[in-house]
Structure formats: structure tokens, C-alpha cells
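Q: Residue-level listing of the chains:
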Amino acid sequence: MSRPPELAPETQLDPITLEVILSGLRSVTDETYIALMKSAFSTNIKERNDHSTALIDPAGRMISLCERSQPIHLSSMLGLTGALLRKYDLDAFRPGDIFVSNDPYTADGSHLPDINFSMPVFVDGELLCFMCNIAHHADIGGMAPGSMSGGMTEIYQEGLRIPPVRLFAEGRMVEDLFEVLLLNARVPDERRGDYYAQIASCKLGERRIQELAATHGRARLAAAFDQLIARTHARMLKAIANVPPGDYVFKDVMDDDGFGAQSMPIAIKVTVGDPALEGRIRCDFAGSSPAVLGNINVPFRALQSSVVYAMRALLDPDVPSNQGMLDAIEIDAPAGSILNAAFPAAVAGRANTCQRVIDVVLGALAPALPDRAVGAANGANTAVIFSGTDGETGRSYVYLETVGGGFGGRATKDGKDGVQVHLINTSNLPVEAIETEYPLLVEAYGFVPDSGGAGTHRGGLGLRRVVRPVGHTTVFTGQGERFLNPPWGVFGGAPGGTGGFKLREADGTVHDMPTKPGLTPITPQQALIVETAGAGGYGPPEQRSPAERAEDLGSEKFTANFMAKHYGKDK
Amino acid sequence: MSWTLGIDVGGTFTDVCAYEPATGLTHYHKRPSTPQNPAEAILAGIAELCEATGLHPRDIGRIAHGTTVATNALIEQRPCRVALVTTEGFRDLLEIGRQVRPSIYDLQKDNPPPLVPRHLRFEVAERVTRGGRIVRPLEAEEVDRVAAAVAAAEPDAVAVCLLFSYLTDAHEQRLGEALRRAMPGIEISLSCEVRPEFREYERLSTTVLNAYLQPIMSAYLGRLESGIAEAVGPVPLGINQSSGGLISAARARTFPIRTALSGPAAGVAGAVHLTRQIGEPNAITLDIGGTSSDVALLRGFAANTVHERWVEGYPVRMPSVDIDAIGAGGGSIAWVDTDGLVKVGPRSAGAVPGPACYGRGGTQPTVSDANLVLGRLSAGGLLSGSMPMQVEAADAVIGELAAATGLSPEWTALGIIDIAVANMVRGIRAISVERGHDPRDFTLIAYGGAGPLHAASVARALGIRKIMVPRHPGLLCAQGLIVADQLEHFVRTVHLPLDDRLGDALAPVLTELRAEAGAWFAAQDVAAGDARTEATLEMRYLGQNFELAVPYPDDGAADRAALEAAFSTAHDEAYGFHNPGAPIEITSVRIAASGRHHRDVDPVHTEPGATAPPTPIATRPVWFDRSGAVETVIYDRARLAHGHRIVGPAIIDQLDTTTVIFPRDVATVDLRHNLLIEVSA
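Order-wise, the sequence lines are chains A and B.
Those letters in the first sequence? Residues 229 to 799, per the working numbering, in order.
Those letters in the second sequence? Residues 606 to 1286, per the working numbering, in order.
A couple of the hints might just be wrong.
Calculated pairs, SDA-like style, for lysine to any residue (alpha carbon to alpha carbon, straight line, at most 25 Å) [to be verified]:
#1 A:Lys266 <-> B:Glu913
#2 A:Lys266 <-> B:His1100
#3 A:Lys266 <-> B:Val911
#4 A:Lys641 <-> B:Val911
#5 A:Lys266 <-> B:Arg683
#6 A:Lys266 <-> B:Val941
#7 A:Lys641 <-> B:Arg683
#8 B:Lys714 <-> A:Arg777
#9 A:Lys431 <-> B:Val941
#10 A:Lys641 <-> B:Leu679
#11 A:Lys466 <-> A:Phe487
#12 B:Lys714 <-> A:Ala570
#13 B:Lys714 <-> A:Glu295
#14 A:Lys266 <-> B:Gly1186
#15 A:Lys266 <-> B:Glu917
#16 A:Lys431 <-> B:Thr1174
#17 B:Lys714 <-> A:Ser783
#18 A:Lys466 <-> B:Ala907
#19 A:Lys266 <-> B:Pro718
#20 A:Lys641 <-> B:Pro718
#21 A:Lys315 <-> A:Ala570
#22 A:Lys266 <-> A:Lys641
#23 A:Lys466 <-> B:Val941
One side of the interface only, derived from the structure: several residues of chain A facing chain B at Cβ under 10 Å [said to hold, decoys possible]:
#24 Asp242
#25 Phe406
#26 Leu410
#27 Arg459
#28 Thr460
#29 Leu590
#30 Phe635
#31 Lys644
#32 Gln648
#33 Pro667
#34 Ala672
Since the hints were derived computationally from the structure, they do not count as laboratory data.
Computed from a predicted model, the values in this text were never measured in an experiment.
The C-beta atom is built at its ideal place from N, Cα and C for all residues, glycine as well.
Isolated chain A (complex conformation) (with noise of 0.2 Å):
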């Protein structure tokens, strides 16, 4: 096949040729996502899609990023190549290694169950990038099924550790280490499934950008990599040159760690427009809690990505997410804080620390951007998690969910109701595959009423879902947020209703159940009761219109007595 001349590096490409190269690369993570979604075998990726595919260049940036990833995985990926960069000298890859990690602390990972891999991918003999993918596992052993739930404090409680490590050698599996791997994590068919899947997607990526260099030139590419990063970086300080300049601040706090540790502040102060920073945003966030005993700690990774996240949401939806765009973006918190774990703090349940980080950035640039302002939403990534044998076909089981909750209200209209907020955006597992997979029965899934904040425009509502085992007692784990400190609203809002963990006994009465339960067995006769928290509403209560407060109630979503409450009793 022809190609066209190789380019001197320096050499500027047009913005019809960028764009034509960016579709290409565009493909090729597109391509890997999907491939690695239809081949997995767990129902985290398959159904839930709880995975993410980027092309990463050997300086350690970010290329390209599917856009169908999950935004918390974006820094965990970059964190593996970094690691491997600053562990190996560029000439110890070779064509055909495969590198596997999950390691916060060696990897720069963001929790064990979140498994990393990089590929080197080599055109004309010479390093061009790496492919890589992430995966939630649903099981990397530690103490706990799922290895998610509450009760874990320090990071060999919460599973395998993972360095960066050769899983492939010039094309040949290490097959030790993947008797490893294997051996060290629960349902083990399941997990070779999910790594051949993630080999797949590695492989499949190689030969595609292999096809791409033919056809671009490996140069042209290089080059494309550079300008692409220092356009969209260009892009994002037009972006936030938009927000008026000073220092906003905001303050949350977390519901407990499990552990004894209650109302962890999360403070933030974000700077624009300070000349230091070149038009760069700076989010400092001094003053938030020091580390934790519970698993609710943050890696540094995981802190970035959340960052990055909102800022995207809030500057430039449409703004590719690579280097450029995180590069604009300056990130401080103090070593050590929950928000910057240090070894050997607990993660796992990190993501819902890190949606609290998300509230904070929003909350705080509320005030300068008033448009694009959401209340406060569900703020968690409450996990429910049940394991047991199942009598009828004597198989363990081990099953994980997270649920979603209310969205926050907007300029324009109302939150949503029961959807995954902010970085999560992964499905609920059919009703009807949850019964038939595992012994267990919900009775019911559906609203909370009264949850979803009062307001011009209201917040979303929280979701409840009832599950009771079938003749056999399960065993449950959970990690619930927001069930003691309300999503907040914004501009007059008033705060949406907060979550828990209930259980119900055989005569009916229910009570209440820690934010995050270890292991608590569950008879056939008791049942459990998730409830997560609404959302936040936008603008004062009293200028919502008649109309709209006329289908709250009649669409019993809210109850009379809330709407007298919030809206007076002329309604």
C-alpha cells in the first residue's frame, strides 16, 4: 500500500489532516472498547460496561480516550504506563509484551478491582504507543466477595496487588503469572474470561494502528499526537478564559469511613485567573480530612479523574479528553489526605469519595457559572453486594451491584429521577437475570418518594430497591453515602432526601443498618432495604410552576404533606 512521505516532527499538519488522523485513532479505541465488551464474561463489563479503552504515546500522555469510557478510569490508565515508563528505559519494550496492574501504590492505580492493561505497539521497529484498557473485575480476592464492600483498612485486606508486570513477553503468555492471577481471585473461570477479553482488545488495538500508521505514516502520526494535545490544551484555556477570574470556595464532607471517622470535610478552593497559572484552573484542595481507616480514601489518580471530569462537564462536554485538556487543569491536595492516599490506606470504595469531589468542584463554581450549575446529586456509588451458595444449584455466587439515585436540578428544568450520576454511568442488572442467576427475589424497585429536593426546578429521586434471599441465608456487604449528610441544592434549592441500609425482619419492623456493613447475614425471612439518597433542586421552591407542582403530586412522586411543606398550602 502507498503512503505519503514521512514528515519531518516539526512539520505542522492542517486541521482537515488532525481531524482525519483523530477519527482514525477515534476508531481504534472505539473498536477495542466494543471488542472488549462482546467478549468478556462477567456481566460487570458485558452488561454494565464497566470498562474503558486509550491510546497513551510513549512520553506517558494521553492520546485518545474512548468516549464511551468510564471517566474514572481515565488517570488509573495513565498511571499504569506512567509506571511502567519510569520502571523500564524505553528499549526494554518489545513487540508483543503485555503489561497487567492494578496497584494504587506501585501502579498508580485506583482500586485493585479496576485491572489495567498496556501494550506497546510498535510500527517500522520503533515505539509509536500504548494500547490500553481497564476492566472492573468483580472479584480480586481480599477479605471480602467483590472485594468492594466496607470493613477493609489497609490495601492487603482489599485484594491482589498487582505491580507493573509482564502478563505477555514478546507475544508468549507468562503462564505462571497467570496462575497467579488466577488463583487469587473468586469465580476464576470468570476471570480468564475477562483477561482473554482484555488480551483481545490489547491485540486487536495493536493491528489497527499498525493499519493506521500504513496509511498515515508513522511520523505523521507522531507529529498528529503533538498537535492534537497542543490544540485541545489551546481550547481548554479559551474555555475556562470564559470563567469570570477569583477564588471560589466550597466545603462538603463525607458520612463516615466505617471505621468511627464522621463528617470528613472535602474542601476546595478553585483559582482562575491567578497569572501564575498561565490560564490554567487550579483546584487546592487544602483543608480536606486527613486519610481514613475505612476504605473511602482517594488515590491521587482517582482524585484527577473526578476533577477532570467536572471540569469537562462544566467548561467543554465535547472537548477530547487528553493530555491538552489535563494539563489545563492544576491539581493540589495535601499528601497523606483522604483525597491523596498514602500506602497502605484502604480504596476500594473510593468512587464514592470521589463523586463527593465532584459535588465540591460544582458547588464551587456555582457562583460563576450559573447556567450550567446542577444542585447536589446522589453523590455516592452505593454498592450492594450479596454472596452464598445457592441451594438449588449448589453454585456460589457472588453478586454486586451499584445503584443509582436523584439528579440534581438544573437552570432549566427538573433533576433526574433514579439514574447514575457524574463519573458512574453504569447500568442496573435485570430484574429478571438477577432471579434467575442468583437465589435471590426483589420485591420491589422503584422511587422514593419525597426525595428529590424542593425547587424552581426540583432534584431527582433517590431509588429503593427491595432484595430477600431464597431458601438459603446470604451474606451481605454494603457502601452507602449520603446517608447521613443531604445532597445540597443551589441558588434556594432546597436539599434532596439521604439513602440507607435498612433490614426488614420477619414481622415487618424495619431498622436502620450501618452506611457501610461488613459481612451481615440475611435469612429468607428478613429483607434488605437499599434506599439512595435524591438530589438537590435549582432556584427558590416558590417560583416552581403550578403546572409542574401539580404533576408532583399527581404523579404521587411527592406526597401532600411534602408539598405543603415546601411550596405552602395554597397548591
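Chain A is already provided as a structure; the job is to place chain B on it using the hints.
A: Structure of chain B alone, referenced to chain A:
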């Protein structure tokens, strides 16, 4: 009674194709659509075709119809008061869906609203769980209570969807009977009848959509049938369904959701017919219109069937021809993003105002304007002369974009096409990898107004070597309707392991499904020689949630090893690997029943291959790449004959499209006047 009509109604045009099987004669007629009442353009189109050709309406024996009524109703969100009955505890399921947002980063973007508001969603005390086991029986008083409450709400249509009704439908059936008694004249959609398949939200959504569409479809078909009865007489009217076969109008009234993809599926049926005629089993169809492009992968002379898709933001669990829409077409607008990169689409100039070159007020550069600037489209417009081009307007809008990019107008125009093609290629690649195929092994069949214009660029970027442009690229849907079979699927959800006892376990299910198919053949008057059934098993590794379809031999000889091998091959094709020894399960059994209407005949005017080269009608400078314009010969498609061979560069104009032959590419005309293009390396 010897003629068959195929009628395809699109957003802009209504196409009528008449065909006489005995002689192979065809007539075509194209006229503007009447979106307010699509039946009007159909009846006018039939009358106009008859008048123009001398065909007597009473000689029409059968009509096959592709419609967009269902999708248009959803796009316009036409009001229809639907009530829903669902299992207690699950009133909000329709609104929760899969709890995901349509866009991760855009905080303002929402899914479309549920088609049944919360106050019209009724819960019923009953419960079925795994294995179809009833854990809470449905009491008679409860049935009466719910039926009365629903009737009191005075809905236009009712949907009923209960948990696990795909395994045990007794509760839904009893509710259905009571509702029909309480509300005679109101259509009741039961999920166990609409689509008895696993996964409650998708089944629920499908059932609700079906209920929503019933009154709309019923009114439309009523108008159409009475109009046809008056003008033509009592001839059978077949409606093309999304899975690519015809169903009776009565069935389309009961299950209107089956017609959601009626029109595009007809185009694919036409393309499948073409692959048989040219003997190319594997093809990618590329139908480029004004705002978007439809793409389908054909393998072994057949389109893939998918069992789930999104229709205007709502999930539908229903077999349909595997077509994907890509947001790039002739009207796609080119613009400069804030980072200076040039983007094409997703916004489109649409039919109004249309591209700047149409001279109807379009002020932004589009793909069509770029084609005009490059000389690929004739300044005189299409050969029909219906739409002369405004060259100055195109020059002006492309010139503005060129100034912004710092490139010459021609390079900018080339770039617009390159980017639009890159978008299409990205879409086709994603579709290919999702299906586990390499596009290089396929022939590209290009149709629609702008398909033949971009086919060579798309083919080259995908590594495709063969392109086929049918004789009438704008009429492929109507032609597809002529050749469509009468089709129906019968399905049972099962949960069976792949083991040596499988054959015994499947036998009664297959017997039942075949009996249903037999009854359907009888009802459709399908002659024994034209009736065909094909069984497939949906198989997966235990624990997987995506199934793969594996054909099940007709003789019922369920050789475990053969099935495992077939599944492994399918898994290899789809995912690049299989797991030897891993347990496999069968999740459902399907019978596809088809009744053949059409028998292909050789064209009547079999001419000897032309020996003299074709005569050009003009020449003009055309840009193919950045090296400059090339003086290029222009041919009139209507004057090309079987055996003609054209070496590019060349442009072939015809009434409804323009075909670009790139330098060194070679086009030949076959016996049926199809254009076959070999793409040079």
C-alpha cells in the same frame, strides 16, 4: 391480476415500483411524499404510474409496502394515552430503564420521556420468579380491581408486562382477557404476545411502544386500505417488517412495533437480492442520504438479524435487519471547532434549507457543496434537471471555510469529503468489529442519493476492492419490497445445557414451534413449495450474557459435538477466541418461517455484450486528490449498455444519483445494467 407493486414511503419521496413476474417487466415512479397523510402520496403514485405506463389498476394483484409511520410518530412524539399494567413493586421500571444517562458529560441531556406517565402505570399483586414459578398467585378480585381501574382511566391503548411472563404467561393472559372484556375496542398489548423474551425492561419498553403505536398504525392502515380497495380492488397488502419480510396489514395493526424499521429493511432486502444476482455472498450496504447513512453487513447472501435495537431513544427487543445509522450524509454541515479542527456533522442542512448549492437559503458549507466545487457533481444538477446547482453559492460557503483553515477552496472541499468519509468509515468499522468481521472481505453496495458519490473513498479507506452500484440506486427499497418474502419468527425461551440429552429436550419445543409455523403458512396461503422454515438456537457460555445464533439442523439430529463446534466457530468469528470445554447453554429456540413470493427471472432484453466503448456526453475538470483537477469524461448512465467498460477517471450521471469512478478504478456494466467497480490498489 399479474402485477406486483412495491411502494416505499420515505421522508422526501414516495417510490412505486411495478413488476410483472411472468415477463420480468418493471415500471418505476417517484413522487414527493405527503408526510401529513402518507396514504395520499401512495394512492396518487399508483394512479400516476398507471397513467404513465398504461397499466390498468385492476391488473395489480398484490401490494408490498414499506412505511415510516411508526418512527415518525415517535420522532414527533404524537400524543397517545397509553396505560400500563405491571407487577407490584415495579411501577417505576419504565422510567428507570437501565438507570443510565444518554451522555456522561453533558449534564443537560436526558433520555426521552417515558411513553406512559406515572399516573397511568398500574401495579398488580402477583409474582412469578425463576423457572416460571408462581410465588404469588393472581387473585380473581385483583384482576377485576385492576381492569376496572385501567378502564376508568380511559386509555387509547393498554400495555401489560409482568415479571417472568416469558416463562409463565398465565397472569398476563388473564389480565388481558379481563381488560378486553372491560374495554372492547381498545387494543391490549401483552408482553408475552408482543415479545416473550428474557430481560424485563427491554420487553416492557417494546410492549409499551407497541401499544403506543397501535391507534396510530390502525388509523393509517385504515385510510390506506380503503383507498386501495377503491382504486385497485381487494388485493392483499403486505407490510414490510423490520426483520425484512412481509406481514399482513392485520398483523401490522396488532404488532405495529414490528414495522419500526420497515423502509430501510426493504432497501437491504433489495441489496440481498442484488448479491444473489451478482454472485457476491458478502457485502456491506451503504445507503447515503441527506442527513445520515444506513449501513448493513450481508453474509452468505443474507442480512444479519439483530434482536435488540434503539428506536428514537427507546429500546426495542424485536428481530430486525441489522442496520446501523451513521450521522453523516450529503447535507452534513462542515464547521470549525473551537480547537481549529474541521468537523463535518452531526448537524445537517436537511431538506430545508438544504445545502447552499440548492439555492434555497442554505448558508453553511455541506458535503454536497464540496462535491460541486470539486466537479464531482454536475453544475447542471441531476440528469432529471429537477434541481440545477448554484455554483456561486457553493463556492462562497466553501471559500469561507477555506479562509478559516488556510487551505485552498479545493483542498478544503476535498477535506470535507475526507472527514465525512472518515466518519462513515469509523461507523462501519465499529459495526464490523461488533459483528466480528473484517470489512476488507466484503463488496460495497452503494445506493441512496449520495452513496455512489462516496463509495470509492469509503471502499478505499476500508480496504474494500469491489463496489456495486445498482441500476436504480434511488429505488432499491421499492425493488426490495417486490422480492420480499412473507416472513414470521416463532420463539421460545429455554434454559438448557448443551449435553447429550439436548435433542430430546428440544424435540417437543421444536414440534410446537413448527406447528405454529404450519398454522401461519395456512393462514397466509403459502403453497407447500414456497414454505420454508429454519431453526436456530441462541447459545452462550454459561455465565455469558450475549448469545450467538447457531443453525439447528432440520432433521433434528442434535449432535452435541457439531453444535459445540458451530458455536465455537461463531464465537471465534465474533470475538476472536473460544473456550474449549467451557459449559454451553441454550437460551432460546427460534423458527424463522418464510413464504416465497418472488422468483428471479433473467432480464427480458438479454443483449449481446457491447463491443464499442461508450460515448461520453461531456467532459469537465474534476478533483480527485490534492494534486489538481483532471479533465474527466462524463457518461449518461441510461446510455450505458451491458459489456461497457470504463477506466477512471470518469463520472456517470443518472436521474437520481452520480457515480464517481476514481483514476485507475475500472467500472463494467453487467447484464442487468448494474455497475461493478474494481477499486485499484
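Q: Please go over all the hints and tell whether each is borne out by the structure.
A: Hint-by-hint comparison with the structure:
This hinted pair checks out: Lys266 (chain A) and Glu913 (chain B) have alpha carbons roughly 15 Å apart, not beyond 25 Å. Restraint check for Lys266 (chain A) and His1100 (chain B): satisfied, since their Cα atoms lie roughly 21 Å apart, inside the 25 Å limit. Between the alpha carbons of Lys266 (chain A) and Val911 (chain B) the distance comes to roughly 14 Å, so the proposed pair stays at or under 25 Å and holds. Annotation: proposed proximity of Lys641 (chain A) to Val911 (chain B) is violated, straight-line Cα distance about 36 Å (limit 25 Å).
At roughly 36 Å between alpha-carbon atoms, Lys266 (chain A) and Arg683 (chain B) are farther apart than 25 Å, so this suggested pair is violated. Our distance criterion of 25 Å between C-alpha atoms is broken by Lys266 (chain A) and Val941 (chain B), whose separation comes to about 35 Å. Restraint check for Lys641 (chain A) and Arg683 (chain B): satisfied, since their Cα atoms lie roughly 22 Å apart, inside the 25 Å limit. A hinted pair counts as satisfied when its Cα atoms are at most 25 Å apart, and Lys714 (chain B) with Arg777 (chain A) qualifies at roughly 22 Å.
At most 25 Å may separate the alpha-carbon atoms for a hinted pair to count; Lys431 (chain A) and Val941 (chain B) exceed this at roughly 34 Å. About 22 Å separates the Cα atoms of Lys641 (chain A) and Leu679 (chain B), which keeps this hinted pair within 25 Å; it holds. For the suggested pair Lys466 (chain A) and Phe487 (chain A), the alpha carbons sit about 45 Å apart, so the restraint of at most 25 Å is broken. Restraint check for Lys714 (chain B) and Ala570 (chain A): the C-alpha separation of about 37 Å exceeds 25 Å, so the hint is violated.
At most 25 Å may separate the alpha-carbon atoms for a hinted pair to count; Lys714 (chain B) and Glu295 (chain A) meet this at roughly 16 Å. Of the supplied pair hints, the one linking Lys266 (chain A) and Gly1186 (chain B) holds, its CA atoms being roughly 20 Å apart against a limit of 25 Å. Of the pairs offered as hints, the one joining Lys266 (chain A) and Glu917 (chain B) holds, with about 24 Å between alpha carbons and a cut-off of 25 Å not exceeded. Simply put, Lys431 (chain A) and Thr1174 (chain B) have alpha-carbon atoms about 19 Å apart, close enough for the 25 Å limit, and the pair holds.
About 22 Å separates the Cα atoms of Lys714 (chain B) and Ser783 (chain A), which keeps this hinted pair within 25 Å; it holds. Between the alpha carbons of Lys466 (chain A) and Ala907 (chain B) the distance comes to roughly 51 Å, so the proposed pair goes past 25 Å and is violated. This hinted pair does not check out: Lys266 (chain A) and Pro718 (chain B) have alpha carbons roughly 29 Å apart, beyond 25 Å. In summary, the hint linking Lys641 (chain A) to Pro718 (chain B) is supported, as the alpha carbons are separated by about 13 Å, within the 25 Å threshold.
Restraint check for Lys315 (chain A) and Ala570 (chain A): the C-alpha separation of about 20 Å stays at or below 25 Å, so the hint holds. At most 25 Å may separate the alpha-carbon atoms for a hinted pair to count; Lys266 (chain A) and Lys641 (chain A) exceed this at roughly 36 Å. Taken as a hint, the Lys466 (chain A) and Val941 (chain B) pair is honoured in the structure, with Cα atoms around 15 Å apart against an allowance of 25 Å. Because the beta carbon of Asp242 (chain A) sits about 6 Å from the nearest beta carbon in chain B, less than 10 Å, this interface hint is met.
The restraint placing Phe406 (chain A) at the interface with chain B is violated, with a minimum CB-CB distance near 15 Å, outside the 10 Å limit. Given the 10 Å rule on beta carbons, the hint for Leu410 (chain A) is violated: about 14 Å separates it from the nearest Cβ of chain B. A cut of 10 Å between beta carbons decides the hint on Arg459 (chain A): the least distance to chain B is about 4 Å, and the hint holds. Taking 10 Å as the C-beta contact cut-off toward chain B, the hint placing Thr460 (chain A) at the interface holds, the least distance being around 6 Å.
Hint on Leu590 (chain A) holds. Least Cβ distance to chain B is approximately 9 Å, under the 10 Å limit. A least Cβ separation of about 8 Å between Phe635 (chain A) and chain B falls short of the 10 Å threshold, and the interface hint therefore holds. About 6 Å separates the beta-carbon of Lys644 (chain A) from the nearest beta-carbon of chain B, less than 10 Å, and the hint is met. Checking Gln648 (chain A) against chain B by beta carbon gives a least distance of about 5 Å; that is within 10 Å, so the hint holds.
At a threshold of 10 Å, the smallest CB-CB gap from Pro667 (chain A) to chain B is about 8 Å, leaving the interface hint in force. Checking Ala672 (chain A) against chain B: minimum C-beta separation of about 3 Å stays under 10 Å; hint holds.
Violated hints for the displayed structure, listed by number in ascending order: 4, 5, 6, 9, 11, 12, 18, 19, 22, 25 and 26.
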